Amino acid sequence: MLEIPAQIWQKTKTSYIWRSLFRHGYPDSRKNQSLAVFTNVFLHLHPVKVRRHALAIPYTWCMGGLSFFLFLILTLTGTLLMFYYHPSVDGVYNAYGDIKDLETVVVFGQLLRNMHRWAAHGMVITVFLHMIRVFYTGSYKPPREFNWVIGTLLFFFTILLSYTGYLLPWDQLAFWAVTVGYEIARATPVIGDEFAFVAFGGFQLGPNALLRFYVLHVVGLPLLTGFLIAIHFWRIRKDGGITGPL
Amino acid sequence: MTTPRGPQPFAGQEKRLRLLAFVRQDSIVRVDKRVEDTAMVWPHLLVIEFIASMLWSIGLFVIAAAFNAPLQDHATPDCTPNPSKAPWYLLNLQELLLHMDKGLAGVIVPTVWLTFMAVIPYIDTSREGVGIWFTSANGKRITIFAAVYATVLTFSLILLDAFLKRPEDQGGFGYIEKATRYLPGGKQLFPNYIIPIVLMIGLSVLLVLIVKRLYAANTREWMIAIYTGFVAVYLVLTVVGTSMRGPGMDLFAPWAVPATHQCLEPKA
Ligand code: HEM
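If you're matching them up, the sequences are chains A and B in order. Taking the working numbering, the leading residue of the first sequence gets 1, the next gets one more, and so forth. Taking the working numbering, the leading residue of the second sequence gets 1, the next gets one more, and so forth.
Do not take every clue at face value.
[Stated by the list, open to error] In silico SDA-like pairs for lysine to any residue, Cα to Cα no more than 25 angstroms straight-line:
{"no.": "1", "chain 1": "B", "residue 1": "K140", "chain 2": "B", "residue 2": "F155"}
{"no.": "2", "chain 1": "B", "residue 1": "K102", "chain 2": "A", "residue 2": "K100"}
{"no.": "3", "chain 1": "B", "residue 1": "K85", "chain 2": "A", "residue 2": "A187"}
{"no.": "4", "chain 1": "A", "residue 1": "K100", "chain 2": "B", "residue 2": "Q262"}
Rather than coming from a laboratory, the hints here were simulated on the basis of the structure. If you're wondering where the values come from, they're calculated on a predicted model, not measured in any experiment.
Okay, chain B solo, but in the shape it has when bound:
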């Protein structure tokens, strides 16, 4: 057996490791190597940060001096305001609750969406368009298309749902009664599960297919379409939930929403 050259480890310490290599910078810090066009942080960035924080402090101060945070009566568990609404940033979920099963709207859809959002970078792995707003002119067109598509569809579906669910004797379609009578699974299976799930998945897939067809979208571009669609749906749901839902969570025009009934006396 030949002994390796160089200094030998002491007996019993053969496994000791030594770091004797240069490591390429990229393997520790992944930097895009580009034209050096840099500015000193002190003063250039710090000045911006300082001014921004001053302006925002003043702004917040002014807003806080001008508008008081709401405070209503002491909480009373047997005195339900009608409607009871979540804070505005969750009204999108509350709006969704009206159109499908609670667990589906409140838990499954947001979980699936957040998970999908987290894995976006693992689906769209190209480096195309990094640092450029909307990637390209095509990306911009796709953004506009998807925003219009999602806004119009979501809004129409909300209106359609309101019409379909209104009982027949009030001039609606009486969908819930009809479903209970004629559909397998009654008013649960189709209205609360199958139809909403098919719509949500179907319309998203349709959007991707359309942008692929119309705009020859690549992965980054159809991702833009899906994400824009989400943002638009999120905003439409928030706006409808905030400003178009009155007592009983019925749909109203934003300017005609009746005041909240602050307290429903418990039924004796």
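Here chain A stands alone, though its shape is the one from the complex:
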């Protein structure tokens, strides 16, 4: 009985197409396990082997990985949200109306919005906790100095991403929260007015500010953050994997 599926499996595995996709057998031997990792574009971020303590949850708290996971979730849900969102303050199709529609008309729209929102808050927390774990385990020490610097930038961009997103619903909460930031920007010594003008597109929080924040939120900052994460991960490998007791 079982010969037929076994034969089909055998045929498939030796077929031209299958072998063009996978260059290794089932990962049950050391060799195939290694091949599975480094012939796969997504997995090859990893080394083939890691030091055992790197797997210990009390050591990393998984916080770096979870920050990345939330970043991916946010990219996914954010892209879906973009299908329903117009960055404009009034008119027939406007930001606030779009958010209302998401909550009332779009199938699973409310759930989508909630996931994006809570994941964003979550990422601020996980990145902060990750930074704390890296500091207290002394993981910024040589040769990882520069990766810590990249990390500091990532922390800053994570906050900026959250903050630019906060304005997008264009409700009272968004408007006045961002006004607080606007006042701070204007208080920058020497270049306050110029800086606020460039960052918010005017001397008032209006359509320009919404558009600027939108573009930064969906294109500029995610790209920058993505690049920095790529460098961050690359450096972890080049610095010899994550730290551990000497």
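Please build the complex by placing chain B with the ligand on the supplied structure of chain A, with the hints as guidance.
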């Protein structure tokens, strides 16, 4: 002139370089050489990653199904809620704004802090304690000390500021009025610049001096003290800004904060 031995470059190509050396691994990939105690990524790490991402997906899904993201009325520029608050992760800065000049609190302090944080590894360059939580028992004691020091001080300073700034006829000290009248530079120079700057720098230096004295702290250890102090201040400011500030950004006990006045009608 003697010609060098070996094959000669063609005329005009003398500058061509060739790579004919072995490079020590350390100069490309800096690896700590330690006892080999490794596990295969497939399956050990991938299984953890898979389970973690599943659990977190489910968790996020449950949270998103249970709690709705807030949405208030359409933005109205002439209708100011009292208080207007930034998102919680910036409320620490907003809290700081209440105690000093805006530019100082909102721009200079965070910039200086982020810069300082970025250069930590260039100040503390020892490799002591890599991979060990808190480095040592001494590090752990210093962490606890610095956390208590910073929490108590920040909290007291916030309370003190609230008392000092309350006008005299309301039972406070009337500090702003007094400063305007008696201090050089009026209510700007001392209250908004000199005192906060002296406090921020002074208390940080004091912390370092204390841990050096009490715990014989080395560079890594006083860095732990400073960093812990920062984290504690950051958290205290966030908590106070989030849960103890009511209308007018006045200070309240967390359980007695009045509701936000959603809209202040513009004055006609
Ligand atoms: C978007 C934000 C970030 C992501 C996605 C991220 C991701 C990661 C991941 C997956 C690791 C592997 C080990 C672990 O999970 O703990 C790691 C390590 C590291 N991260 Fe981050 N990180 C972020 C932000 C930061 C920040 C804010 C800092 C510090 C200021 C930082 C500094 C480091 C350093 C120095 C390491 C090496 C740690 C070691 O060797 O033990 N990262 N990061």
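Hint check results:
For the hint pairing K140/B with F155/B, the CA-to-CA distance comes to about 23 angstroms; that is within 25 angstroms, so the pair holds. Of the supplied pair hints, the one linking K102/B and K100/A is violated, its CA atoms being roughly 35 angstroms apart against a limit of 25 angstroms. Taken as a hint, the K85/B and A187/A pair is honoured in the structure, with Cα atoms around 17 angstroms apart against an allowance of 25 angstroms. Between the alpha carbons of K100/A and Q262/B the distance comes to roughly 19 angstroms, so the proposed pair stays at or under 25 angstroms and holds.
Going down the numbered hints, you'll see the structure goes against just number 2.
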